[in-house]
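Visitor: Model the full structure from these sequences, guided by the hints.
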Amino acid sequence: MASVLLPEVSAPGFSFENCQRNAFLEHKGFPAPKATKTGTTIVGIIYADGVILGADTRATENTVVSDKNCQKIHYLAANMYCCGAGTAADTEMTTQTVASQLELQRLHTGRTVPVETASTLLKRMLFRYQGHIGAALVLGGVDRSGPHIYCIYPHGSVDKLPYATMGSGSLAAMAVFESRWKPNMTEEEGKKLVRDAIAAGIFNDLGSGSNVDLCVIRNSGPAQYLRTYEEANVKGKKQGSYRYTPGTTAVLKTKVIPLEVESVSVQQVQPMEVEPSPSRR
Amino acid sequence: MAFMGHTLSPAPLWHNGPTPGAFYNFPANSSNLGPASRPLQDFRAHSASPITTTTSVVAVKFDKGCVIAADTLGSYGSLARFRDCPRVMKVNDLIMLGSGGDYADFQYLKDIIEQKIIDEQCLGDGLNLKPRSLHCWLTRVLYNKRSKMDPLWNNYVVAGIQDGEPFLGAVDKLGTAYEDAAIATGLGAYMATPLIRDVTEKGPLDEESAKALVRKCMEVLFYRDARSFPRYQIGVVTAAGVKIDEPVDLKHDWSLAHMIKMK
Chain C
1 MASVLLPEVS APGFSFENCQ RNAFLEHKGF PAPKATKTGT TIVGIIYADG VILGADTRAT
61 ENTVVSDKNC QKIHYLAANM YCCGAGTAAD TEMTTQTVAS QLELQRLHTG RTVPVETAST
121 LLKRMLFRYQ GHIGAALVLG GVDRSGPHIY CIYPHGSVDK LPYATMGSGS LAAMAVFESR
181 WKPNMTEEEG KKLVRDAIAA GIFNDLGSGS NVDLCVIRNS GPAQYLRTYE EANVKGKKQG
241 SYRYTPGTTA VLKTKVIPLE VESVSVQQVQ PMEVEPSPSR R
Chain P
1 MAFMGHTLSP APLWHNGPTP GAFYNFPANS SNLGPASRPL QDFRAHSASP ITTTTSVVAV
61 KFDKGCVIAA DTLGSYGSLA RFRDCPRVMK VNDLIMLGSG GDYADFQYLK DIIEQKIIDE
121 QCLGDGLNLK PRSLHCWLTR VLYNKRSKMD PLWNNYVVAG IQDGEPFLGA VDKLGTAYED
181 AAIATGLGAY MATPLIRDVT EKGPLDEESA KALVRKCMEV LFYRDARSFP RYQIGVVTAA
241 GVKIDEPVDL KHDWSLAHMI KMK
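Quick mapping for you: the protein sequence lines, in order, are chains C and P. The first sequence begins at 1 in the numbering used here and counts up by one. The second sequence begins at 1 in the numbering used here and counts up by one.
Calculated directly from the structure, the hints in this document are not laboratory data. Mixed in with the good hints, there may be bad ones.
[Stated by the list, open to error] Calculated cross-link-like contacts (lysine-lysine; reagent style BS3-like; alpha-carbon spacing at most 30 Å):
| no. | chain 1 | residue 1 | chain 2 | residue 2 |
| --- | --- | --- | --- | --- |
| 1 | P | Lys216 | C | Lys192 |
| 2 | P | Lys202 | C | Lys160 |
| 3 | P | Lys216 | C | Lys182 |
| 4 | P | Lys202 | C | Lys192 |
| 5 | C | Lys238 | P | Lys202 |
| 6 | P | Lys251 | C | Lys160 |
| 7 | C | Lys192 | C | Lys235 |
| 8 | C | Lys160 | C | Lys182 |
[What the hints assert, rightly or not] Take a look, some chain P residues computed to stay more than 10 Å from chain C by CB distance:
| no. | residue |
| --- | --- |
| 9 | Gly17 |
| 10 | Ala48 |
| 11 | Ser49 |
| 12 | Leu79 |
| 13 | Asn128 |
| 14 | Arg140 |
| 15 | Gln162 |
| 16 | Tyr190 |
| 17 | Ala192 |
| 18 | Thr193 |
| 19 | Pro194 |
| 20 | Glu207 |
| 21 | Glu219 |
| 22 | Thr238 |
| 23 | Gly241 |
| 24 | Pro247 |
Cβ coordinates follow ideal geometry from the N, Cα and C atoms, glycine included.
Guide: Have a look at this one:
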């Protein structure tokens, strides 16, 4: 049972409870639904005073843009944020789950939670699901031992790097980092580099688009979430109007027929007696 | 005994069927092939899969001409087997051709193109092959080969001077052809193209900055392409002619390694 202070510890090992049922369903003609990938460009760098995370804002369903301005930088704790690529639902729920576990940890210990804790919680959960949770994350944060950037893959492996990119636009963004990243950049240089990397993803990858979001987490002071740091793709203004000017069509005759009210009657409607349905979770 | 004609061998009894004494491939019947189960190929069809391969080609147009760069590695699958496979060739004084993909297919077309140039010189009519014509010819050849299910497994980049203006075009193994100021094939399309486009969209380049840009792209590709090599060739074509340098070594920086600690 989960207590107030401790999050529920899952039973060790893999749970194969549903495998037989899934195989039966597939045999009967109901295969597991395919999770749709959301193209993305997400990046994170370490600069002189902390970390900077960046993300684009396009969510896609195959080839259709389903959300033009979604939020891909998720809150984990005051000192760490996590960018998510892959299946949108997976990244959202995984980061929320871990955020609540981190808050419990913070209250339990009374200290700022180290970034490594978040990385460990995330990778353990993702490995347990053997890659079926399609969440590819760039975790960035600052703790007592300094700034950290972690790259967490859907199968549960983790890379700890000075700069990281994930998502379909990761190659375009990584090209920018490989040519221009250097250690101990200033905040302005860092923000420009992250903005340029996301822009490379937005303009060269079809799965990424719309605007650039940034999140600056400094060694001291609160994190600064710059939602829509830059609107890289502004919708153009319509240059003409299709409305016809009044008088385009000549008026030949006008006839006004007033509607006369003959009678007004009011009828009371009794609400139906319905049994309240039991609440469901 | 009726003799038909003066032929030494008898006239065939039927067409499109088995010849007595020869191997006959029953059409489209893979169950006949036993445990192998891979469809048996006609011995004349080649390039079903590339064998010795080369990686990206990176090319940029600048104000007076074009630059092409390509490394000199011939990979044998994941083995870095041949370390001196130059793949930027001079066609004539106005055209340069770079290739990525199967190296044997490139060598085949290289010989054909060189012969074309020799024939043209023999004609001696004062007319020279132009880049756009070569681009068009390559497109037709590659498209036809792929339509016969026998592709030349290559990505070509044609650079040259067409009517006084720089020309840069690409053709791939399917016959997809296009022209652009920034062209990169293979993994370069994902990594080098964003870098080049960022610079070319700001304004026209000169030769030195184009070469510096291309060197940067080769460095980035060396870091991130698992089939690349730190030795590459740069070729430049301007109105003055084609100049393809000897392969040079790449300057790469791995000092980042000290910053990566898992704990």
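Visitor: Could you tell me which of the hints above the structure violates, numbers in ascending order?
Guide: Violated hints: 2, 16, 17, 18, 19, 21; rest satisfied.
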